[in-house]
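Asks: Sequences are here, hints too, so could you generate the full structure?
Chain residues, written in single-letter form:
Number of protein chains: 2
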Amino acid sequence: MKKILKKYRKFQLSLSPQQNLLYGFSIYAIIGWFLLCLPIVQKQAVSALDSLFIATSAISTTGLVTVSIFDTYNGFGQFIVMLLFQIGGIGYMTFTSFILLSKKSDLTHWHQRILNAEFTMPKGFQIKDFLKSVIIFTVTIEILGALCFYIAFTNAGVEHNFAIWSSIYHSVSAFCTAGFGLYNDSFEQFAGNTAINTIISVLAICGSLGFIVVTDFWNRLSGKTKRVTYTTKIILGAMTLLLTMGTVMIYFFEPSVAQLGENKLMASFFQAMTALTTVGFNTIPLGGFSLAILLVVIFLMYVGASPSGTGGGMKTTTLTALIAIMWNRIRNNKRITFLGKSIPLERLYVATSVFMLYASVIFVSTFLLAMSEDFPLHQILFETTSAIGTVGLSTGITGDLTSWGKMVLIIVMFIGRLGLLTFGLAILARRNKLTKRKKEEDLAL
Amino acid sequence: MKKILKKYRKFQLSLSPQQNLLYGFSIYAIIGWFLLCLPIVQKQAVSALDSLFIATSAISTTGLVTVSIFDTYNGFGQFIVMLLFQIGGIGYMTFTSFILLSKKSDLTHWHQRILNAEFTMPKGFQIKDFLKSVIIFTVTIEILGALCFYIAFTNAGVEHNFAIWSSIYHSVSAFCTAGFGLYNDSFEQFAGNTAINTIISVLAICGSLGFIVVTDFWNRLSGKTKRVTYTTKIILGAMTLLLTMGTVMIYFFEPSVAQLGENKLMASFFQAMTALTTVGFNTIPLGGFSLAILLVVIFLMYVGASPSGTGGGMKTTTLTALIAIMWNRIRNNKRITFLGKSIPLERLYVATSVFMLYASVIFVSTFLLAMSEDFPLHQILFETTSAIGTVGLSTGITGDLTSWGKMVLIIVMFIGRLGLLTFGLAILARRNKLTKRKKEEDLAL
Ligand SMILES: [K+]
Ligand SMILES: [K+]
Numbered sequence: 202m203k204k205i206l207k208k209y210r211k212f213q214l215s216l217s218p219q220q221n222l223l224y225g226f227s228i229y230a231i232i233g234w235f236l237l238c239l240p241i242v243q244k245q246a247v248s249a250l251d252s253l254f255i256a257t258s259a260i261s262t263t264g265l266v267t268v269s270i271f272d273t274y275n276g277f278g279q280f281i282v283m284l285l286f287q288i289g290g291i292g293y294m295t296f297t298s299f300i301l302l303s304k305k306s307d308l309t310h311w312h313q314r315i316l317n318a319e320f321t322m323p324k325g326f327q328i329k330d331f332l333k334s335v336i337i338f339t340v341t342i343e344i345l346g347a348l349c350f351y352i353a354f355t356n357a358g359v360e361h362n363f364a365i366w367s368s369i370y371h372s373v374s375a376f377c378t379a380g381f382g383l384y385n386d387s388f389e390q391f392a393g394n395t396a397i398n399t400i401i402s403v404l405a406i407c408g409s410l411g412f413i414v415v416t417d418f419w420n421r422l423s424g425k426t427k428r429v430t431y432t433t434k435i436i437l438g439a440m441t442l443l444l445t446m447g448t449v450m451i452y453f454f455e456p457s458v459a460q461l462g463e464n465k466l467m468a469s470f471f472q473a474m475t476a477l478t479t480v481g482f483n484t485i486p487l488g489g490f491s492l493a494i495l496l497v498v499i500f501l502m503y504v505g506a507s508p509s510g511t512g513g514g515m516k517t518t519t520l521t522a523l524i525a526i527m528w529n530r531i532r533n534n535k536r537i538t539f540l541g542k543s544i545p546l547e548r549l550y551v552a553t554s555v556f557m558l559y560a561s562v563i564f565v566s567t568f569l570l571a572m573s574e575d576f577p578l579h580q581i582l583f584e585t586t587s588a589i590g591t592v593g594l595s596t597g598i599t600g601d602l603t604s605w606g607k608m609v610l611i612i613v614m615f616i617g618r619l620g621l622l623t624f625g626l627a628i629l630a631r632r633n634k635l636t637k638r639k640k641e642e643d644l645a646l
Numbered sequence: 202m203k204k205i206l207k208k209y210r211k212f213q214l215s216l217s218p219q220q221n222l223l224y225g226f227s228i229y230a231i232i233g234w235f236l237l238c239l240p241i242v243q244k245q246a247v248s249a250l251d252s253l254f255i256a257t258s259a260i261s262t263t264g265l266v267t268v269s270i271f272d273t274y275n276g277f278g279q280f281i282v283m284l285l286f287q288i289g290g291i292g293y294m295t296f297t298s299f300i301l302l303s304k305k306s307d308l309t310h311w312h313q314r315i316l317n318a319e320f321t322m323p324k325g326f327q328i329k330d331f332l333k334s335v336i337i338f339t340v341t342i343e344i345l346g347a348l349c350f351y352i353a354f355t356n357a358g359v360e361h362n363f364a365i366w367s368s369i370y371h372s373v374s375a376f377c378t379a380g381f382g383l384y385n386d387s388f389e390q391f392a393g394n395t396a397i398n399t400i401i402s403v404l405a406i407c408g409s410l411g412f413i414v415v416t417d418f419w420n421r422l423s424g425k426t427k428r429v430t431y432t433t434k435i436i437l438g439a440m441t442l443l444l445t446m447g448t449v450m451i452y453f454f455e456p457s458v459a460q461l462g463e464n465k466l467m468a469s470f471f472q473a474m475t476a477l478t479t480v481g482f483n484t485i486p487l488g489g490f491s492l493a494i495l496l497v498v499i500f501l502m503y504v505g506a507s508p509s510g511t512g513g514g515m516k517t518t519t520l521t522a523l524i525a526i527m528w529n530r531i532r533n534n535k536r537i538t539f540l541g542k543s544i545p546l547e548r549l550y551v552a553t554s555v556f557m558l559y560a561s562v563i564f565v566s567t568f569l570l571a572m573s574e575d576f577p578l579h580q581i582l583f584e585t586t587s588a589i590g591t592v593g594l595s596t597g598i599t600g601d602l603t604s605w606g607k608m609v610l611i612i613v614m615f616i617g618r619l620g621l622l623t624f625g626l627a628i629l630a631r632r633n634k635l636t637k638r639k640k641e642e643d644l645a646l
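Protein sequences appear in the order of chains F and X.
Residue 497 in the numbering used here is what sits at position 296 of the first sequence, and the numbering runs on without skipping anything.
Residue 589 in the numbering used here is what sits at position 388 of the second sequence, and the numbering runs on without skipping anything.
These aren't lab readings, by the way, just hints derived from the structure by calculation.
Worth double-checking, as some hints may not be accurate.
Repeated chains share a single entry, so a pair holds when one copy, or any two copies, can fit it.
What the hints assert, rightly or not - Distance condition first, Cα-Cα at most 20 Å in a straight line; then the derived SDA-like pairs of lysine to any residue:
(1) K535 <-> L546
(2) K607 <-> L492
(3) K607 <-> A493
Replies: The structure is reproduced here in C-alpha cells:
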C-alpha cells in the first residue's frame, strides 16, 4: 500500500502544475459521479449520464442541471453536490493545501507552484498568507451568509428545519458562485424579497471578486500596505461599470421586467449580477427574455468574474487588457497603456489567447449542439456560454438536450472551470523552454 | 473657383491618410446615392433610403440589396452601380492615383502615404510598381473574365445582346468581389453549369487573393526576386486550408446540397469560396441551410479574404497571427513564432485589435437589429457578418428589414469596406505620438 502511494506521489511530482490541476479536478468529478450514482443518495432513479452531468456541473460550480436536485437526490445526495461545488469553488488545490496545513506539515515548493498556476497572481503575493486568507474568508462569509439566509427564509415563511439546511446550502452555493439551489424555480418565488436578493448578491460578489482583492484589502486595512494594487482597482472598476451597464440595459429594454413594478430595478440588477458573477441564480425566467437582452446577458456571462475568485468566464481583467490593446492601436500609440500604467507584453498575449480560446470553444460547442439539437441559435449559444463561463443560467433547454448534447456540455463545463489556458497548457505545454531565437518576419494584416 | 480648389487641396493635405480614405469613400457614396436617386436611371420608383443602401452596398462591394437591381434600375443605373463597385473594389485611392498617373504627373509623397494606409503592405514594396500591377492586372483579368462569361452565357442560352452586358457586369462584379448580379436568384439557375462556376471562382479568388500576392508572383516569374514572401505563403496556405475545410463541411453535413447529385461537390466548393473570398454570389439558396452549416459560413465570412485584395473580412493573415499567439501561449513559448518565423509585436497587436473590433461591431449591430427586427438570431447574425465582411450573402431578410435596420447595415457595410482599424484611426488617432514612457504595471488575468 505504501509502495503504491509512493509511486503515485512520484507520478504527481512528474506532472506540471497545470496537469496536476487537470487530474485533480477529474478525480473529484469521478468520485462525485460514483457517489451520485449510488441508489441510497437518490429519491428517484436517475441515469448515469445525468449523474455525471450533475457531478461535473457541481465540481465546475456551473449549476446547469438536467434533473431537479431537490426531486432527485435526498439529503445525503444534496450534501455530496454541496461538497463538490465547495471544492470546485475554492479550488481543489486550496482544499488539498488546507488538509496539509491542518496536519502542521509545511507547504512544499511543489504545492506553491500549483497554487500559482490556479490563481494567477501578480508578483509579491505570499502564497501562505494568501491561503490563510482564503480559508478564513470563505468560512467566515459562508457562516454569516447562512445566518442571514436563515432569518430571511424563516421570515419568508419557510419551515424551520428545511430553512436550516436551505440556508447552509444556498450560502455555500452563492459564495462559490455555484448557482445550485433546492428550489426548482431557482429564486423566482423570492423575486420581490429584498433581503434574499441582497444576501445572494453580497455573497456572489464577495466570492467572484476574488481572493486577490480580499487579501489586498485585508493588507490595506491592517496597515501592511499603503494602497490597493493596480489589479484590484481594475477589477473593482470593471465590475462596477459592467454591473451598471447590465442593470440599465435590462431595466430599460427588457419587456418582461416591466410588470414587476417597484421591484423592477432590483430584478434588473439581480439578473446582471447573476450573469457577471457567474453565480447563475435567477429571479425572472430567462426563457421569456427578449433576444436583444439575452445577447447582453450572453456578453456578461462571456466576460464573467475576476481572476482568483470562485467565478468563471474570461475575467474582467482580460476584457480590460483587450480594450487597452484596441484603444491604444486606434490612438496610434506604440505601447499598450491603461489608466496611466503600461501593461506587460506577456499579459497582453495571455489576454488575446484567453479571449480566442473562449471564442473557439463557444463556436465549436455551438456548432456541435446545432448538429445534435433542435433548438434555435439563441438558446444554444446561451447554453454554451453559460457552460463555458460556469454560470448555470439557462433558457430552459438543459433537461431536454440529447445525450450527445449533454456530453458536449459536460466537457465544456469542465474546461470552463479549469480555465482554458490551464487546460491547454496541461495538454500541450512543452517542458523544455529553450528555443533558438528566430528571425523576425513581417506579416501584412 | 480656383481658390476653392486650392482651399480644398489644403484641407486634404491637413488630413491623415485614414481620414482621407474616410472622406473619399463618403464622397463616392454620396455621389452614387445622388445619381441612383435620379428618375432617369430607374425602371420603377425606389425610396431614397433604398438608393442609399444600394450605393453604399456597391461602393463597399458588399452586394446586399433591398431591391432587385435588374427590376429597379435601367442600363444606365446598372452602369452606375457597376462603376461604384469597380471604384470600391480596387480602392478609391488606386482610382485617383490612376487618374493622376494618366495625366503624367507623378505620385506625390502624400498619395503614397494614403496608398500605404489602404493596402497594408510589408516593407520593401515599391508603391509605383505596385500600382501599375494593380491596374494592368485588374483590366486584364476583367476583360478575360468578360470574354469567358460571354461564351459561357451564350452556351447556356442567354440572348446575345444581354449576354454582352451581363458578361461585363458580372466579370467586374466577381473580380471586385462585389456580388452584384443581374439575376434575381444570384447564380442559382447556373448551379450545375461548370463553366460559369469556374469563371466566378477564378475571378473572385484572383481578386480576393490581393495585389500583394500578384505583385509577388509577378516579381518571382519575371526573375526580379528569387522566392515569394512569407506573407504570400501564409495567404495561400490559409486560403487553401479554409476552402478545403469549408467545402468538406458543406459537402458532408449540409442536407440541402444532398439532392444535387453529381453537382454536389461543385456546389459545396462554390458556397465555401463565395463566403471566404467575400464575393457573395450563391448557387444554392442560403435560407434553406441548416443552422450548423450557417455557422460555418458565418465563420468563413468573418475570416474573409486577404489583405490588399478586393475582398473584406478580418483577413486570413489576422486569423493566422491570432492562432500563432494562441498556440505559442499554450505551448508556453515566450516569443510568438509561426512556421519557423517570429512575428513582430506590432502586427500581433494589430491582429488582436482587428479581431476585437470586428467582434464588437458584429455584437453591437446584432444587438441593434435584435431590437428593431423580428427575425431569429441566426438570420440577424448572418446578415450582420455578411455586411461587415462585405460579403453580400443573405438568408433572404434584407428586403424585409425596417428602415432602422437598413440604416444599421448601411453603416456596418461602410465600416466594413474602409476597414475597422482604418475607420478607428481616421476618427481617433492622435497626430502627436510623443508620449512619456510609463511604468510597467502587472495585471493579473
Ligand atoms: K454558477
Ligand atoms: K461581396
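Asks: Indicate which option fits the pair K607, L492 if close means a Cα-Cα distance not exceeding 20 Å: within, between, both or neither.
Replies: between (24 Å within a copy, 19 Å between copies)
Asks: Check K607 against A493 for me: Cα-Cα at most 20 Å, and say if that holds within a copy, between copies, both or neither.
Replies: between (26 Å within a copy, 17 Å between copies)
Asks: Since the copies are identical, ignore which copy is meant and state whether K535 and L546 lie within 20 Å (CA to CA) inside a copy, between copies, both or neither.
Replies: both (12 Å within a copy, 10 Å between copies)
Of the numbered hints given earlier, the model fails none.
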